[in-house]
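Colleague: Spelled out, the chains give:
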Amino acid sequence: MNGHDAPPTVGLSTGPATSLAYHTGTWRTERPVYVDLAPPCSLGCPSGEDIRGWLGSVQEGEPGLEKAWRRLVAANPLPAVMGRICYHPCQTACNRAEVDEEVGINAVERFLGDTAIERGWALPVPAASSGRRVLVVGSGPAGLSAAYHLHQRGHEVVIREAAAEPGGMLRYGIPAYRLPRDVLAAEIRRIEDTGVRIECGAPVTDLRAAEAEFHAVVLTMGAGVAHHVDIPAGAASHMVDAIDVLRDVAEGNAPLVGRRVAVYGGGNTAMDAARTARRLGASDAVVVYRRTREQMPAHPTELEEAVGEGVRVQWLSTIAAVEGPHLTIERMELDEEGRPHGTGEFEELDADTVMLAVGQDADLTLLEGAADISVEGGVVQVDPATLMTGREGVFAAGDVSPGSRTATYAIGRGARAAAAVDAYLASRVLPAEPVEREATASRLNSWYYSDAPKQHRSALEAARRVTGFEEVLSGLDTEHAVFEARRCMSCGSCFECDNCFGMCPDDAITKLGPGMRYEIDYDYCKGCGICAAECPCGAIDMIPEVR
Amino acid sequence: MREVLEGSQAVARTVARCRPGVVCAYPISPQTHIVEALSAMARTGELEGCEYVNVESEFSAMSVSIGASAAGSRAYTATASQGLLYMAEAVFNAAGMGLPIVMTVANRAIGAPINIWNDHSDAMALRDAGWLQLYAADNQEAADLHVIAFAAAEELGIPAMVCMDGFVLTHATDVLELATAAEIDAFLPPYAPAQVLDIDHPTTIGTMAGPESFTETKYLQHLRFLDAAGVIEAWSERFREAFGREAGGLAVRYAPDTLDRDREAPPADAGDVVVVAMGSVLGTLQAALPALRREGVPVRLVGLSSFRPFPATALREALGGARDVVVIDRALELGSGGVLTGDVGRALAGTRSRVRSVVAGLGGRPILEASLQDVVRRAHAGELEPLEFLDLKEGGVPVPHHGATEVHR
Amino acid sequence: MTTVHIPFLQTGSLAVGGRLLSEDERSVQSHTDRPSSLTKGHRACQGCAEALAARWVMDTAVEASGGRLIVANATGCLEVFSTLYPESAWKPPWIHSVFANAAAVATGIASSLHAQGKDDIRVLAQGGDGGTVDIGLAAVSGMFERNDDVLYVCYDNQGYMNTGVQRSSATPAAARTATTPAVGRAPGQAWGQGKSMVKIAMAHEIPYVASATPADLRDLEAKVRTAMSIHGARYLHVLVPCPVGWGSESRLSIALARAAVQSGIFPVVEARAGELTDVQRIRERVDVTEYLEPQARFAHLFKPGGEDALARWRAVAEANIRRYHLLGGES
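Protein chains in written order, with full-length UniProt numbering: chain E, 1 to 547; chain B, 1 to 409; chain F, 1 to 331.
The hints are simulated quantities; they were obtained by calculation from the structure and are not laboratory data.
All clues stand as given, with none of them false.
Distance condition first, Cα-Cα at most 25 Å in a straight line; then the derived SDA-like pairs of lysine to any residue:
1) F:Lys303 - F:Gly247
2) F:Lys118 - B:Asn54
3) B:Lys218 - E:Gly15
4) E:Lys67 - F:Leu21
5) F:Lys199 - F:Gln166
6) F:Lys118 - B:Ser39
7) F:Lys118 - B:Gly45
8) F:Lys118 - B:Ala42
9) F:Lys195 - F:Glu318
10) E:Lys67 - E:Gly53
Small disclaimer: the values here were computed from a predicted structure and weren't measured.
Could you put the whole structure together from the sequences, leaning on the hints where they help?
Modeller: Here's what the structure looks like:
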């Protein structure tokens, strides 16, 4: 070719951003995808709270608080209660511990619970009724949770409680210095306000009659009967069940326990009993426990606080005999499998009162004669998925059924039972609980999280605790609660930090705006993986590109 | 107004009156007087609205000019010799990007051996840089060519070198008449760049071109260059009309007897010996040849004002079929001959003309009228070799005195 | 540093943005309407930190200048991958001339704008380490010496990556390149005295000199903003990890820049008129191996015989930490 068929040029130039014509996405061998993984806190929460979610709302400050509370009570209707007494396995699981300290989830939960009570936030009231009636037997955490969730699903719910006041172990097993009664009352009242009826002083004694009256029954009687061990004891000996002491105190009938108190057992009830004894005037409260500290079932913070209040623990010891104020203590030793055995060595211990806290059993008199409802190991056996007992339409949850005997577990099982009853009433199959991928600490890029120490709840001085039953731990104010919430790393879920958007060398990520997150433009994304590597919370996976 | 001026001053003043926006240069002999004068004018305010930038090298001088031109300013620089080679990469680049920079080349030899005096080897080394190359025969033309250069370069989007012989012109004083600022303002259109960095209409200038588009890019630039001869001729014509004197053009004709520049002069005859030359040697030839005419030697003179684009057609027309063509060449292709000779030979390919190359005046060697006359006589007699070196001394260069550098023991 | 202090909001100052930040607390890069001056469709290798840093720098400069910015670019990766005719990934007016002259072209643009009375249009020149520290040094130095109104940005990927990873005078000691192979008694780049472009720039006593990395966006943006608020010659040196040239995984480009800073190998500093005014303190100190080991160009340091070079690198980091007070204390 040699013709003048094109205009002469003075040099090459081109328009801006004409590179859009070239799609670099074809280079990709791996593609980034946004994922939402389950955070360890939620996976560890027996109540099934969306902790990351409600912390996320708290992070927004004042405007997000009510939204946060509503996300919280979607699972647990007792946040002010649980914010005080929960052993917070969520915090034990929290990935933030790898950066500095775990997030004080429990404190924020309590803050939300208290704020809700203070501001009078109401639980949602279901609009329409299903016309189905459900009886819940017992008003402990499992019963309250089951009732609440069942009513939220539109069923008419009645709780029948044998005791004079609702709350079960929350009221009678947990001392007021850990859970003020007005807080418990407020949260129970709020459930009642949604339309759940609680009948107190109304023990259920006839299961068949109940079944005739209701479309379904949920057994949540708890385990409020003290377990007994055989200890040779003289007539003058003052031996009581720790659970009874706690109940008496809760009912305002503080017993006389003397100056020296021995508590036998190593669980949380033992700790509560010992600390209560101190508050009842015992100058010397000794916990006698047959194993070691490592094996102790009591929560470490409970032990810590008890010791802080002057409670002593006598490890590897059993009470062999009680004769008046004189206790014979046998020293124990552990065998290779960690089981304690007597050594034959004895010592003396003086105690005006011996409190037994060696476990609690369920009161199953209601089930006498119900052959189709099997009981093993002192608890009602249920289908692990549906929580239904051997009898159709009769479910069980909480301490009366197998599993961890904690309030948080009870709340979670109560909710699960509600879902199961709901499915049963609708003749639906209850979907299995989904298996979720965990957002492990190794997925996180902790560099992006600034160091910030947990805002410690300022504990009252230990000396002051033992003088009465004021609440031991003070709550957070809004500023601190928001701060603490903002320590949440949002493990496995995008919190819109803009890292992927800002750090894409190929300008291939679109920011969709508040709450909408981002979109990857696969026409241009080369799959370098920087977005995934620099995502603080591990919310981006790189997966092989399939063409 | 006629005035007595050094060539460099004349060029500097004319350039200033062309109102460049940016002048950037690095000093090198024999260009220094031009840039000194411009820097002074920039300080005194005589050079209004212009940034004068002192840089650390010719490479940066051309680079600053590139930036300035691309940003929308009429840009000017000047250099010579080593300096031109030092900026060579950017020189090519300016042309490739179509930036109409004007540069004075005060022609000077290229080392080694280092030599500050005049010949054309510097500009010739960059003859294919994509620039217009206009050669001044005298200082009046040197000054005037800058006006034409700005006009043609800017119309074409092709940068232009105005070549003037170092020292011979730059440092020589003549009676000159410079175009006034008002005249130039009336003559030269305002700077309207084709390629410009504009924040309101952003473009990317200076992209990479792969094998799929490089050939076409060059082809299209070639087409543009083909337009250049006509544009230069037109602006030279306009200049003559506006100023009443000759400057520029393509092939310059001279009257047969007076040897005065004469655009109406007839083409040479077949029997004429035609001397072809560029630059100040044309003045020497104008002085030397009338005597030969009077002797009866049928000699004619043709000058080249434009070397790039090479005006092959205009040259052939001026030569008119002359059988003997002698090129006085101020630059040498080692092992081949004069550089200009090569272009003349290519222009005359297929004709019956015999082209002889006389390499003259390298590194400032004076070109004597007598020597030129001798060449023409011998050409007329058919005795001129195809390649000769004017006034070549026998015995080569002096040998250092043996032992002169020995250390005394 | 002139960084905006971001209150503790999940990620503090270290992430690009954050939903909890107010508009004026956000980085330029976090804005949906950021300029994206170097946009998609460019042909940089996967994980190219130069492409990233160039967008960051230029977006900030575009914002700081109110969109009145002209850019001159040296030859190199940045130019080649962004402008293969007929495509250009640039949005601002942009010019590339040759390898060594970006600074001078920028001076020409600035001079022209000044002559035209358009001093509100700002000029940015940029190039790689080759075009800055090596072949373009004279032009850069000339621009500094004249105090021309140009912000020059060097994206230092420590070698001639565009031509196939040859050494430059910015290549770190012991690093393997195509022209400093990891063979012989002193494998990799020779242990010379190095060539600190930041110190060279400081020696010119120009109004503003700073170094930065893509590991700290806010610091980088703050420095560009500071630089843009000043007239005269300014220099910004940005370390940009190069997966291909360094033999590192593309996803690690930010992480390596972080390790370079946190190990003390790359001091992030700020200087005015020749005087050091601020340094970025090491936040979480790491050993030099954290930086060196993920890079194949240093692989021989982790084989028998590599101990000496490793020790020398530790000494380099120590010297930097001491000289620039990178761990705090008096400065």
